[in-house]
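The chain contents come next:
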Amino acid sequence: MPFTWLLLILAAIAVVGYQMGRSRALKSAGGDRRVLHSLPVYYGSNVAMWAIVPAAAVLIVWLLAQPFFVNSRVLATLPDTMVSEGSSIGLVMSDVRRVADGLDTAVAQGAMSRDEALSLSTETSDVRERLGDVGVALGSAVSAEVLKGAQLYRTLNATGSTLMTVLVLLIALGGAAYAYSRSTADFRARNNVERGILALLIAAASVAILTTIGILFALLFNTIEFFKLYPAADFFFGTNWAPSFSGRGGASDLGVLPLLWGTFYISFIALLVAVPIGLFSAIYLSEYAGPKVRGIAKPLIEILAGIPTIVYGLFALLTVGPLLVSMFGKETLGWMQGGTAVMTAGLVMGIMLIPFVSSLSDDIINAVPQAMRDGSYGLGATKSETIRQVILPAALPGIVGAILLAASRAIGETMIVVLGAGAAARLSLNPFEAMTTITAKIVSQLTGDADFASPEALVAFALGMTLFVLTLGLNIFALYIVRKYREQYD
Amino acid sequence: MNDMRIVERKVDTNEVKIAAKDVQVFYGDNHAIKDVSVEIEDKTVTAFIGPSGCGKSTFLRCINRMNDTIDVCRVKGDILIDGEDIYDAKVDPVQLRAKVGMVFQKPNPFPKSIYDNVAYGPKIHGLAKNKADLDDIVENALRRGAIWDEVKDRLHAPGTGLSGGQQQRLCIARAVATEPEVLLMDEPCSALDPIATAQVEELIDELRKSYSVVIVTHSMQQAARVSQKTAFFHLGNLVEYGETSNIFTNPVDPRTESYITGRIG
Chain A
0 MPFTWLLLIL AAIAVVGYQM GRSRALKSAG GDRRVLHSLP VYYGSNVAMW AIVPAAAVLI
60 VWLLAQPFFV NSRVLATLPD TMVSEGSSIG LVMSDVRRVA DGLDTAVAQG AMSRDEALSL
120 STETSDVRER LGDVGVALGS AVSAEVLKGA QLYRTLNATG STLMTVLVLL IALGGAAYAY
180 SRSTADFRAR NNVERGILAL LIAAASVAIL TTIGILFALL FNTIEFFKLY PAADFFFGTN
240 WAPSFSGRGG ASDLGVLPLL WGTFYISFIA LLVAVPIGLF SAIYLSEYAG PKVRGIAKPL
300 IEILAGIPTI VYGLFALLTV GPLLVSMFGK ETLGWMQGGT AVMTAGLVMG IMLIPFVSSL
360 SDDIINAVPQ AMRDGSYGLG ATKSETIRQV ILPAALPGIV GAILLAASRA IGETMIVVLG
420 AGAAARLSLN PFEAMTTITA KIVSQLTGDA DFASPEALVA FALGMTLFVL TLGLNIFALY
480 IVRKYREQYD
Chain B
0 MNDMRIVERK VDTNEVKIAA KDVQVFYGDN HAIKDVSVEI EDKTVTAFIG PSGCGKSTFL
60 RCINRMNDTI DVCRVKGDIL IDGEDIYDAK VDPVQLRAKV GMVFQKPNPF PKSIYDNVAY
120 GPKIHGLAKN KADLDDIVEN ALRRGAIWDE VKDRLHAPGT GLSGGQQQRL CIARAVATEP
180 EVLLMDEPCS ALDPIATAQV EELIDELRKS YSVVIVTHSM QQAARVSQKT AFFHLGNLVE
240 YGETSNIFTN PVDPRTESYI TGRIG
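These protein sequence lines map, in sequence, to chains A and B. FYI, numbering that gives the first Met the number 0 numbers position 50 of the first sequence as 49, with every residue one higher than the one before it. FYI, numbering that gives the first Met the number 0 numbers position 37 of the second sequence as 36, with every residue one higher than the one before it.
Read the hints as simulated data drawn from the structure, not as lab findings. A few of these clues could be false.
As the list claims (entries may be wrong) - Below, computed lysine-lysine pairings styled on BS3-like, alpha-carbon distance capped at 25 Å:
hint, chain 1, residue 1, chain 2, residue 2
1, B, LYS128, A, LYS382
2, A, LYS382, B, LYS151
3, B, LYS130, B, LYS98
What the hints assert, rightly or not - Covered by chain B, per the in silico footprint, the following chain A stretches (three or more residues, Cβ under 8 Å):
hint, region
4, 371-384
5, 421-433
Here a beta-carbon is modelled for each residue, glycine too, at the ideal position from N, C-alpha and C.
One chain only, chain A, in its complex shape (with noise of 0.2 Å):
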C-alpha cells in the first residue's frame, strides 16, 4: 500500500474519531452540554490526538529504523571476499540498492513479473541488459551475490513496509478506541487536550536545539577527518591559501588567516557604513519623523532587507565596483585595480545591513517610556540633549544587540562577497584589493566534483567550523555586553 494511503487512512481514523468522541460524550451527558466537564471539541479532539500520536510516533521510528536493519541483514548474507576487492562495504551496498531500485521499475513498468524479480538469476539472464531495457543503467556486470542480496534487500523492505502499514493502523485503530472508551462526561478531556498541545510546543523548541547539535556534530567530524589530513598548526596559522584540484592532498596550502582577515575586514567597513547611516535613521524615523513620514518611510527601509543578497551582488559587481574604480582607479589615484575588492563589497554588504540596525533600533527606541523623555525635557533639555543623554543610553543594550546581530550577518555573507570582492585570498591592509572570505571558499571548495575525502573539500568543514566558533564567541560576547549595560541602566 502506498504511503500517501496510509497517511490519508491514518487521517480519516482522526476524523472519524473525532465525531464519535464528541457525540459519545454529548450522549453520556444527555445531551446537556453544561454535564459535560470540558466543551465537546475537547473529547473529539482527545481521540483524534490518541489515533494519530501514537501511531504516528511508530512509524518515524519504523521509517528511521527499517533501513538499518534491511542493510544489516543484506550485508550479513554478502561474502566478506566482495567486500575487501579494493572497494568499500558503501560502495557494494550502492550497487545492490542500484539493482533493487532497477528491479523496482522493471516491475513498475511490466518488463517483469514480481515472480520473475524474486526468482531471476544471473546464469539464466543477463541482469544488466534486463534492466537496461527499462532505462536503469549499471555500470557493470550483476555479480550473483548483488542479486541475491537485492532480491532480500527488496524482499525485506516489502515485508517491513506491510508489518508497518498494519502496525500502524493498529496502533490508531486502537489509539482511537482508547480515548473513545474513555469520552464520557466526567473524563477531564480539555486538561487531557492541553498537555498534548504542550508537548507540541515543547517538541518545536526541541527541533531548533537538537538540529543546531546535529549539525555541530556534522561539522565536528568532518573538521576532525580534515585534521587528519592535514596539520591543525598549518590551517590555524597558515598565511597562504592555494589549494590545488589536481590530486589528493600534496601541493595545496590551506591557512585560513588570509581568509579570516578578509572576512574581518569585509564585515568591518560593513558595519563601518551600516552602524552609523542604520542609527541615524532609527533616531530620526523614531524621534523627529511624524507619523506620515515614519509610516512610509520604515517600510522601504525594510524593503532593503527583503531584497535577494544577490541581487546585491549585482549591484556590487555592475555599479559599485565600476563607480569606485572611476574614483579610485588607475586614471585618478591609482589605488584600485579591479572593480572587485573589500571596499566594493563591504559598501554594498553595508548598504545591505542599514536596515538591520535600523529597523531594530528604532523598536528598541521606541520602547523607552515616554516618561523618560518627558522627564527631561521638564528639566529643559533640548530634543537633541535628550536623545543624547537620556534615550540612547537606556536603548544602549538593545542597539548593541542589533549591531552584533548585523555584525553575525556581515560575517556570514556569501553571495556579496563572491561578486564584489573577487575570489583571491591574500593578506593586505589596502581595501581596494580583491580579497575573500569564509563563506566564499566554502562555496568554491564544495561547488564542482567534490572528492569528500580529500582535504580540499573536507577544508570546506574547517572553515565551517571556524566561522561557527567564530559566531558563537560573537554572540556570547554580545550577551555579555548587553547584560554588562543591563546592570547599569535598569
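Since the structure of chain A is already known, use the hints to place chain B on it.
Then chain B, alone, in the frame of chain A:
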C-alpha cells in the same frame, strides 16, 4: 483633615508669579480647558483639585509648555510668568522649562546613577563651572529633596534602584537642581505609600520658602494639608479659586461643595 494647620498657615507674600488669562486648550476637536483665568502667587503652594479628566493636569502642563510635545494640542490665551508671555514667539520652551521645573505622577528617574540624575539639568544648562561646583549643586539639591542622608553613600548607584518614595524625592531634587522659579507637580504622591507621601508633603512645604509650587492632586486631604491656595476644576472650567481654608470650609459654588463633600467626582 487637619483644619488647625490650615488656619495657622499664613501666605508669606502676595506677589503674583503666574497669571493666566482666558486660557483655552484643545486636543484635536476636544475642548479640554475653557476660559481659565487664574493668578498664582509666589512662594505659595497652590493646589489644583477636581475629578479625573477635568483638565487640571492639562492646565498644569500649559505652564511649562509641556503640551508642545503633543502634536494635536493647541493652546489659546495668555499665560504670563513675571509679566512675560510664555507663549510669545520669542520664548524658547526649552529655556522656559529650565525656569519652570516639573515633577511627574510616576517617579521617572533616568537610567543613570543618582548623581547623574541630579547633575543632568545643571550640566545641560551649564550651571556648574567645574566638578567641585557640580558636586555642591548635587549635594544641595539632594538636601533640598530631603534624600541626601539616604543616598550620600551611594551616589553612583543607579537611581532606578531606589524605592518609589525615594525615586520621587530624587525627581524633586533633580527638578530643584536647575534652580527653577516655579515647581509644577502632577500628582506627585499618587504612586507612593502613605509614609513616602508624608515625606514628600513635608518636602513641598519646605520648598514653598524658595519657589512657587503648583500641585495637582486627587486627594483633598493632601490639598488641605499642603496648599495655601486651591483651585477647583470641573469639566474644563475653573469653578472656584481661593484660600484653601475657605474652599474647604466655606465653598461658594455648589459644585465645589458637592465635590469636597464627596457627592461628585
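Here's how the hints hold up against the structure:
{"no.": "1", "hint": "B:LYS128 x A:LYS382", "in the structure": "holds (24 Å)"}
{"no.": "2", "hint": "A:LYS382 x B:LYS151", "in the structure": "violated (31 Å)"}
{"no.": "3", "hint": "B:LYS130 x B:LYS98", "in the structure": "holds (23 Å)"}
{"no.": "4", "hint": "371-384", "in the structure": "holds (count 12)"}
{"no.": "5", "hint": "421-433", "in the structure": "violated (count 0)"}
When the structure is compared with the earlier hints, violations turn up for hints 2, 5 and for no others.
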